[in-house]
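**Q** Sequence:
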Amino acid sequence: MGAPPLDNCTAAAVFAKFTPLYLVEIGQFAFALMTIVMLVVHVFTITRQNSTRRSSRLHQNLKFLVAFVYDFYIYCGEHFTALKSHCMSTSENNSDKILFLVHLLMLIDFVISVGDFALLGINKSQLNSKNVNYTLTKSYQVRENRLSIRLIFPLSVTHSVTFTLYLVLGTIIRRFFYPNYDPLLYATIVEGVHMMVCFYTFVSVSIFYYLRRRLELVRQPNRIEPQTEYDLHFKQISEQWQ
Numbered sequence: 001m002g003a004p005p006l007d008n009c010t011a012a013a014v015f016a017k018f019t020p021l022y023l024v025e026i027g028q029f030a031f032a033l034m035t036i037v038m039l040v041v042h043v044f045t046i047t048r049q050n051s052t053r054r055s056s057r058l059h060q061n062l063k064f065l066v067a068f069v070y071d072f073y074i075y076c077g078e079h080f081t082a083l084k085s086h087c088m089s090t091s092e093n094n095s096d097k098i099l100f101l102v103h104l105l106m107l108i109d110f111v112i113s114v115g116d117f118a119l120l121g122i123n124k125s126q127l128n129s130k131n132v133n134y135t136l137t138k139s140y141q142v143r144e145n146r147l148s149i150r151l152i153f154p155l156s157v158t159h160s161v162t163f164t165l166y167l168v169l170g171t172i173i174r175r176f177f178y179p180n181y182d183p184l185l186y187a188t189i190v191e192g193v194h195m196m197v198c199f200y201t202f203v204s205v206s207i208f209y210y211l212r213r214r215l216e217l218v219r220q221p222n223r224i225e226p227q228t229e230y231d232l233h234f235k236q237i238s239e240q241w242q
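Residue numbering for the sequence shown follows full-length UniProt numbering, beginning at 1 and increasing consecutively.
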């Protein structure tokens with residue numbers, strides 16, 4: 001939320017007493033607080049088990065890095081350093097740059113989502129195919145890929161759907177709402193759209209924690225002794241040659 005002009009006490013009082021905007025900000029704060037709690041729980045769990053899956057956060061980290069660098073570039077511009085009277089206010093000078101960032105993030109979302117679907121299809125085809133060059137290492141790799149995609153794919157789909165919806169709504173608001181709406185109402189609408197990101201962050205962390213727990217439960221019953229694993233390997237080889 002952008003700060004009102006420091007030399008305009010009336011504007012600051014109006015912002016502070018505008019109930020819809022106040023409620024939206026409280027909602028953002030609540031989702032952010034719940035997300036922090038979930039992250040602390042998740043990090044504590046990972047630390048105890050001494051394991052992590054860095055690949056599951058590649059999508060979010062890549063988009064965060066792009067958004068941060070580009071936002072820093074916009075902020076350092078000559079026309080963007082002035083105080084604004086309401087959040088996300090745009091002008092003829094900076095609106096095109098912000099919309100370019102939105103379109104760039106939507107493109108990244110689309111490309112990564114297509115890659116996730118392609119990876120899911122490759123893993124399914126490998127699981128369903130019969131290959132005479134079957135090895136124990138390949139079997140282990142396919143099984144690990146399957147478990148990984150079961151963890152990453154729901155997160156990626158959730159991220160893509162939510163964030164794309166957020167970007168589309170943000171684009172529509174900038175194109176059609178800004179010149180026609182009261183600044184306070186416009187600020188409330190924009191902050192309401194921003195709350196989708198807070199909500200998504202909380203849901204994403206919760207889903208990751210839930211899926212990770214489920215995969216751990218799936219892994220435990222599948223632990224077998226080395227000799228049994230060798231026997232299973234040779235049995236599968238025999239079935240491939242039949």
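If you are wondering where the hints come from, they were derived from the structure by calculation, not from laboratory data.
Misleading hints may appear alongside valid ones.
[Unchecked claim] DEER-style ranges, computed between Cβ atoms:
(1) Arg146 <-> Ile26: 19 to 27 Å
(2) Gly27 <-> Val157: 18 to 26 Å
(3) Phe117 <-> Glu25: 16 to 24 Å
[What the hints assert, rightly or not] Straight-line distance between alpha carbons at most 25 Å, and here's what the computed SDA-like set of lysine to any residue pairs gives:
(4) Lys124 <-> Val157
(5) Lys124 <-> Ile207
(6) Lys124 <-> Leu101
(7) Lys124 <-> Val161
Remember, it's a predicted structure, so these values are computed and weren't measured experimentally.
Where is the CB? At the ideal position from N, CA and C, for every residue including glycine.
**Q** Hint by hint, note whether the structure agrees.
**A** Tested hints:
Judged by the Cβ atoms, the range 19 to 27 Å given for Arg146 and Ile26 is violated: they are separated by roughly 42 Å. Restraint check, Gly27 to Val157: a C-beta distance of roughly 24 Å satisfies the suggested window 18 to 26 Å. In this structure the supplied range 16 to 24 Å is violated for Phe117 paired with Glu25, their Cβ-Cβ distance being about 37 Å. Restraint check for Lys124 and Val157: satisfied, since their Cα atoms lie roughly 18 Å apart, inside the 25 Å limit.
In summary, the hint linking Lys124 to Ile207 is supported, as the alpha carbons are separated by about 23 Å, within the 25 Å threshold. Distance restraint check for Lys124 and Leu101: the Cα-Cα separation of roughly 35 Å exceeds the 25 Å cut-off, and the hinted pair is therefore not satisfied. Distance restraint check for Lys124 and Val161: the Cα-Cα separation of roughly 23 Å lies within the 25 Å cut-off, and the hinted pair is therefore satisfied.
In this structure, the earlier hints numbered 1, 3, 6 are contradicted, and the remaining ones agree with it.
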